[in-house]
Each structure stands twice: as structure tokens, then as C-alpha cells.
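Visitor: Below, each chain spelled out in residue letters.
Protein chains: 2
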Amino acid sequence: MSLDAVLDHIDADLENSIARLLDLMRIESISTDPAYADECQAAAQWLVDDLNSIGFNAEIRPTTGHPMVMAKGGAGGTHTLFYGHYDVQPVDPLELWDNPPFEPSLEETTNGPVIRGRGSSDDKGQLMTFVEACRAYKEVTGTLPAQISIFFEGEEESGSPSLVPYMEAHKDELKADVALICDTGMVEPNTPSIVTMLRGMATQEITITGPDKDLHSGMYGGPSINPIRVINKALAALHDDDGHVTLEGFYDGVPELPEQVAQQWRDLDFNADAFLGGVGLSVPAGEKDRSVLEQIWSRPTAEVNGIWGGYTGEGFKTVLPSQAHAKISFRLVGTQDPLKIQAAFKAHLESFLPADCKLEFKAHGASSASNMAIDHPAFETARNALSDEWDNAGVYVGCGGSIPIAGHFQDIVGLETMLIGFAQDDDAIHSPNEKYDIRSFHKGMRSWVRILHALS
Amino acid sequence: MSLDAVLDHIDADLENSIARLLDLMRIESISTDPAYADECQAAAQWLVDDLNSIGFNAEIRPTTGHPMVMAKGGAGGTHTLFYGHYDVQPVDPLELWDNPPFEPSLEETTNGPVIRGRGSSDDKGQLMTFVEACRAYKEVTGTLPAQISIFFEGEEESGSPSLVPYMEAHKDELKADVALICDTGMVEPNTPSIVTMLRGMATQEITITGPDKDLHSGMYGGPSINPIRVINKALAALHDDDGHVTLEGFYDGVPELPEQVAQQWRDLDFNADAFLGGVGLSVPAGEKDRSVLEQIWSRPTAEVNGIWGGYTGEGFKTVLPSQAHAKISFRLVGTQDPLKIQAAFKAHLESFLPADCKLEFKAHGASSASNMAIDHPAFETARNALSDEWDNAGVYVGCGGSIPIAGHFQDIVGLETMLIGFAQDDDAIHSPNEKYDIRSFHKGMRSWVRILHALS
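First to last, the sequence lines map onto chains A and B. Position one of the first sequence corresponds to residue 246 (my numbering), numbered consecutively onward. Position one of the second sequence corresponds to residue 246 (my numbering), numbered consecutively onward.
These are calculated hints, taken from the structure and not from any lab test. Computed from a prediction, not measured in an experiment: that's the story for all the values here. Where is the CB? At the ideal position from N, CA and C, for every residue including glycine. Some hints could be false.
Simulated pairs of lysine to any residue, SDA-like, Cα-Cα distance not exceeding 25 Å [to be verified]: (1) K478/A <-> T557/B; (2) K416/A <-> S701/A; (3) K603/B <-> Y556/A.
Which chain B residues face chain A? A few, computed with CB under 8 Å, are given here [claimed, not checked]: (4) L259; (5) P468; (6) L513; (7) S527; (8) Q540; (9) I619; (10) D620; (11) H621.
Full structure from sequences and hints, please.
Guide: In C-alpha cells:
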């Protein structure tokens, strides 16, 4: 039977798979800096050439920014659409790298061998797990295992300005039975994880204006309202003493976990103390009646991400400022409506606004949470395939952050997405000395072989 | 009788008095910028020469910074010590001046003629009202009206680093019956004002640390405490809904106004609506049971002068910051103890501090309020003399800001101080196009003649 043969090929060819990844990592495809536009183009071309060499029909698709890569191949079975991104984060501060970020190297660590360099984990290493799985299939069996579309983006690290217009314009071509994304991590080093919930987000910036100019607090302190006092009071009232968000209707549309998922989370060997201890904390600060995993994955939050007003330099200046500012984000789950929540937040602020103060309320962005339909048959198929490969059974997990592409697949193309990734918490993505465990790379390739086999 | 003759001489010689002030204003004695050290020296020398020409024995007194001017003259009567400062504020932004700041000019305005230029009001114009009064006396009568010491400083606009060491070293020489300072304003354009209360101040900077590094609010938002939330709650609780400060023991040592002063304040034609309206406000934000004048002059306050934390740049960054910071000042009155209040504030913050957070509390400075002993006979003598000169009777007023020299005269030399100045609210001191009303200059000189006459 071909599965074992393909897995054996993965094992035998590991050194070459790593060599190909290192080739791709040497291309300095930093998307946010226009000086690296040619390198982004080169990375896209490298992928097109590679995909064409293993049975795909691949091509560069220009955009107003960095190009997309589109590839099609195989036939039959479940039609999957695989997404990844070939662009990488900038490398500064360069002096904190032990080796040049685009001269990747293999290193032994106490946790095993790793591939070190920019993009090793995010996302070149991860996307190559899928490409290598396809290659092994093709080399062993002569064909790809099923109908596969591949869609690589080159602007993920710079806000994806071309993504939605491109998807809108090519939605027919992007159709498939299910989407796959390899850009996430594992909840524990031995527990393969399928992300089925992504929190949405509503972000806003507020300015409260009191007096029409900065004042001397000796001359005006007392009778003149200080907008910092107003912003403090309004933001302090966002949470009650039990960590709940107090906005009117905030919890409308916040679902309880499906019991299957709740049980999986309870069974996880997740160490909340270690999670908080890793950042110098010990007491969970979220809703008191929820576990730490729920607080991150399945519960909504309100955070002040920035606040400023008055004199913030060295020394002291007794200014009574005209304005105070803050940036606030809400992480959303279930079917919480980001626009309703923005309206409730605005009403909350207005209720704290003295007659003399003005509120400027600027919505930065609003996106609903994504909740995958795990009753789609591909989910259990993939989870079982992952369970076969790893020490622990695969689990459905949440993701506290936002991965907009999953929402776009749902909204624009009508596709459910399985986010399956093999990154580890200590990969240092976006940071100096980024790494990817060779174990993640190796078992990641094998995982995709199993998943594609099961879906074929 | 000589008083009228001296007053007549003031009137007749006004043009020359103005010319002398313009001479002094042409010297660019900006104390905070070392490039102008020679100009500061020149201003001090100009004053020494001028004082020596009118019967004083004046000399330059070097310090480690800009020199002091000390002058002694006259005999008999109440021995007064007059303080002023010959240094001025920097002039930037230069482009906002209609004329070069050190090329003073006379201008007609809708409120009458003014002297325009840096230092016209703060403090060269004001200190020259006293010098010119002495000159008129000398020219008309051949002597100064009484024993007079003059003490001019050249570092008032740059933090007075040499002042306290100099006063400590020369406290015997500074002794007198009462100190006079001409560096304040009039509560209304026609109401001469003696400042008898100066608010003290306790300033501090606080930092609250939560997680030991900045976090991604998607990965950690919820269970990880956000120090901005903590600082918001702690600072929001500084005031109750009626504008009172909530710190334990905050109002210990806050006196009620003497009835004589309370009555004077009630009789003032002070327009609270215009005062607040001038800065775009309409509703007093201080203690609800106190008038606006009390809120500025005789009641203590708590103000957040600066707050910052997290991402404060353009756009949005969903950081959950490690730290939040604020600068807070308390204005103090009566016998409030600044050190006790700093301790109460620290305890207040600690009561809001979750187990996981750390507080860094840095005291920037602490000074008690100054309250002049208005039962000293010189006060009523001076107030009556002022009442004779101006349309309205003289009043005892407060000053919301801090004028440390008055406290130093009390603490170091044991002197009560009468702060009598003729500046108007619209003089734009410290700002471009600073001016001094010629009426203030003229009637200011006449006021000092009357006061010196009465005290002689």
C-alpha cells in the first residue's frame, strides 16, 4: 500500500527536503520593505519552478504588490486548497541574531536539531511541509494523491493589501472542498492541533478633548476638567472585578464550547502556571469563571493597547493637557457583532463624558470571529490522520489571535478551513534567531502525507 | 508733602522710565541657554550700574551659575527686601513673534498702549516698577524713602539652581522686616492684588509592571493582566463623583479661608464663566461645594499630568504592554504634609495592585504651601496704599501655582513676603509677543511709591 512507501520516502529524503527549504530561506523576501521587492518576486518564482517540477501547473500571478503563486495538480478525492505565505518579517534588530538571518544553518539544541534562520518556521518551513508531502507522493506513486490547488501569498507580513481584491477576482478558481493552512502551532510539542476557532477583532482609537489648549495645572488645576481623568474613569469601568467586560450586550453571541471540544481541552496537558509563568505572571486576569485556555481561545476580551496624554518625557511638567488618547481592541468570539460592540463602546464612553468634553471615536477595523464547521467530514479525517502520526491524539483548539485568511475563505469562497501547523511556542517567529524544529518539519511532512492519503 | 511730588515726577518722567526698561529688555538674558551667559552677566551689570546711580550700593555677586545682584540703600522706616529676576524665557517659536523679541516696541492695542517684547512683563517690566519708584523718590527728595535691600536673581526661568545655596550662605544679609516680590498679576485689570497663599506641590512618577515583556494581545489577552487596566483603575479612583480627592487623610491641614479674605473673594468681580470659557470649558470640574476661585487658590488638587503605555504611534498594534506609566501632581494648601500625601498615594496605588504587578514609585519633588501672615502690619499698610492708587480696593488673593522664593524667604530668612504684581492675564508671559501694559507699568511705579511712602 502506497502510504507506507510515501512515508518511507519522506524519511529517506529528509536531508534533501531540508536542503530545498534552506534554498528558499536564502531568498530575502521581506515584504514590508520595497527594497526587497525583487527578492519577493524571486521567492515566488522559486516556488513556481519547484511546484512545476513535481506535477503541478504553477504560475506567478501579478498583483499591485508582491505576486501570488497559483498551482493546480492531481485529480479525484477531496479537492483541497492549500494556503501559505512566502514572505517573511524584517530582521531587525540584526545585532541580536547569532548568525545572519538569511544564511540558514542546522543546529543541535537541548530540544533536538533545529533549522535556524528567518522564515524557518513562519512560514517557509511550514509551507514546505506540504510541498514536500506532495513531492514524495509524486516521486513514489507518479501522481499527486488527489486534486490539489495551492495558493501562496507574498504580503502576509505586511497587511495583505492585495489579498481580498485578488480573492474576489478569482473566487471561482479558488473553489475546493476544503482549505488547508499551515501557519499555526501545536498546543503542546506532541499534540497535533487543528485550529477551529479564530477570535475576531474590533479596534478603535479614541481621543477625549477637555480644554481647548494645554493648560498650566497651577493656574487651572481644579476647575478645569482633565481629559486624562475622564479617559481613566471610562476605561477603568470596562471590566468588573471578576474580569468580565461591562459593555451593554457584550456577551450576546458568545457560545458555550461544544462538549467534544470542551472535553479535548480538559484532557490537554496544558500547564496554565507555566504559560503565565513564562511571562512573569501567576494569577489569571480574565473572567474568573473560565479556564485560562478558554480565556485565550473561546472568550472575548477588551484590552487597552495604548494610552497617552500630557507630558511623557523626562522630568516633570505640570501640564493639564487638552487631550487624552487610547487605542482599544476587543477580541471577539462566536457570533459577536463587531459593529454592535463598537456602538456599545462608544455609548459607554459617552456615558462618562462630562458636558465640556468631546469624544473622537475612530474605528480602525472590525472583523467577526471565525468558527469552523467541524462537522465537515474532512475535520475528523484529518484529526485521525494526525493522531496516527504523533504521540498524542489530534485536538481541536482555538487561536487567540486573528488569521484573516480563514475568514476570507469562508466569506469570499465559501470554504471551511483546517488550520494545521507544526510550529512550537519557542520558534521565535518575528524575532531574532527564528527556528523550526527538524522534528516539526519531518513529522509535519509525514502528517500531510497521512492527511492527503486519508482525504484521497 | 513729598508723596504727591514723587507721584508727579513718576508721571512726568514716564517716557524716560519706559526708555530705561527698553534698554534692559534689549539684553538677551535667556538663562536656560548657556550661549547667553554673557548677556545674563550684562543684564546684572546694567542693573548694578543703574542702582548705583540712584543711591544704592549695588554689586554683582557671582554664583556657580548666573550672578545675583545685591543692593542696599536708604535708612529708617520699615526695612524692605525687594526680589525680582532679570533673566527671561527662551523665545522659540521665533516665527510666531510679530517683531524680534529683543527689539522691544511700543504698540497701541484695543486695551491701551503696551510694551512688547521678551521680558516686558516677566520680569524686567515688573522689577523696574520698583526701581523706578526708588529713582523718583531719590530724584525728588534726595534720598530713598526708607531702608531698602534689593535682591535680583538671574536663574528664575531655569530652575534657580544657585538660589537656595546663596540664600543659606547670605541669610544675615537678606534679613529685613518684610520681603516684596513683583512677579505676579492682578486678579482683574483694576483690582490690585497681594498674593498671600501659594499652593505647594507633591509630584511623582509611577510605573506599573505586569508581564515581564510586551505581549501579543491575541496570544495572551484575557489571562495576562494589562498594566494599563491597573493604572486606569487606580487613577480613576483618585477623585469621587463630587471632585474630592479620595486619598486617606488628604484634607488634613486644609484650612477654611479667614472670613476677611473669603469676603474679599466674594466681592471680587471674578467671572468664572469667562475664566473657563477662555479655555473652551463651562462646568467647573473641581470640588462641587467650592467656588472656582477657591478651587484654584485655596483648595488642593490631584492631577494626572501625563500618562503613557503600550503602542502610541500611527495605526494599530495589538500589544499587551509590560508597563504603564503616569506623572501625577498634587497641589497643596494650608499645612498639608507633602510627604504624608505621597505616602497615602503610594498606599492607594498598592491597594489597586494585583498580586502579579509591581509598582515603581518615584517622588519628583515635594514642597508645602506658603501662607503669609497677613496680620503682619505691612500687609494692611500695603493694601491700603494700593487701594489709593487703583479704581478698586486691594485684595488678598491666592495663587494656584508655586513661587518657591516666597517659601525660601519664610524658611531660610524668616521673612513674610508680599507678592504684589501688576501683570495682566493676557500678558503672554513665556509665549511669543509677550507684552506689559503701560498702565501696569505706570500705575505699578506709582503703587510702589505709595507703598514705600506708607512703610517709611
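Visitor: Holds or violated: P468/B as interface residue toward chain A, Cβ cutoff 8 Å?
Guide: 4 Å, holds
Visitor: With chain A as the partner, please determine if Q540/B meets the hint condition of a C-beta pair closer than 8 Å.
Guide: 3 Å, holds
Visitor: Holds or violated: is the Cβ of I619/B closer than 8 Å to a Cβ in chain A?
Guide: 21 Å, violated
Visitor: Let me know if the C-beta of L259/B comes in closer than 8 Å to any C-beta of chain A, holds or violated.
Guide: Violated, about 31 Å.
Visitor: Are H621/B and chain A close enough, Cβ to Cβ, to be under 8 Å, as the hint says?
Guide: 25 Å, violated
Visitor: Holds or violated: D620/B as interface residue toward chain A, Cβ cutoff 8 Å?
Guide: 26 Å, violated
Visitor: Need the status of pair K416/A, S701/A: alpha-carbon distance at most 25 Å?
Guide: 23 Å, holds
Visitor: With 8 Å as the cut and Cβ atoms as the points, is S527/B at the interface with chain A?
Guide: OK, holds: S527/B within 8 Å of chain A, min 6 Å.
Visitor: Between K478/A and T557/B, is the straight-line Cα distance small enough, at 25 Å or below?
Guide: 19 Å, holds
Visitor: Does K603/B pair with Y556/A here, judged by a C-alpha cut-off of 25 Å?
Guide: OK: K603/B and Y556/A at ~23 Å, within 25 Å.
Visitor: When the nearest CB of chain A is found for L513/B, is that gap smaller than 8 Å?
Guide: Hint on L513/B: violated, closest Cβ of chain A at ~15 Å, above 8 Å.
When the structure is compared with the earlier hints, violations turn up for hints 4, 6, 9, 10, 11 and for no others.
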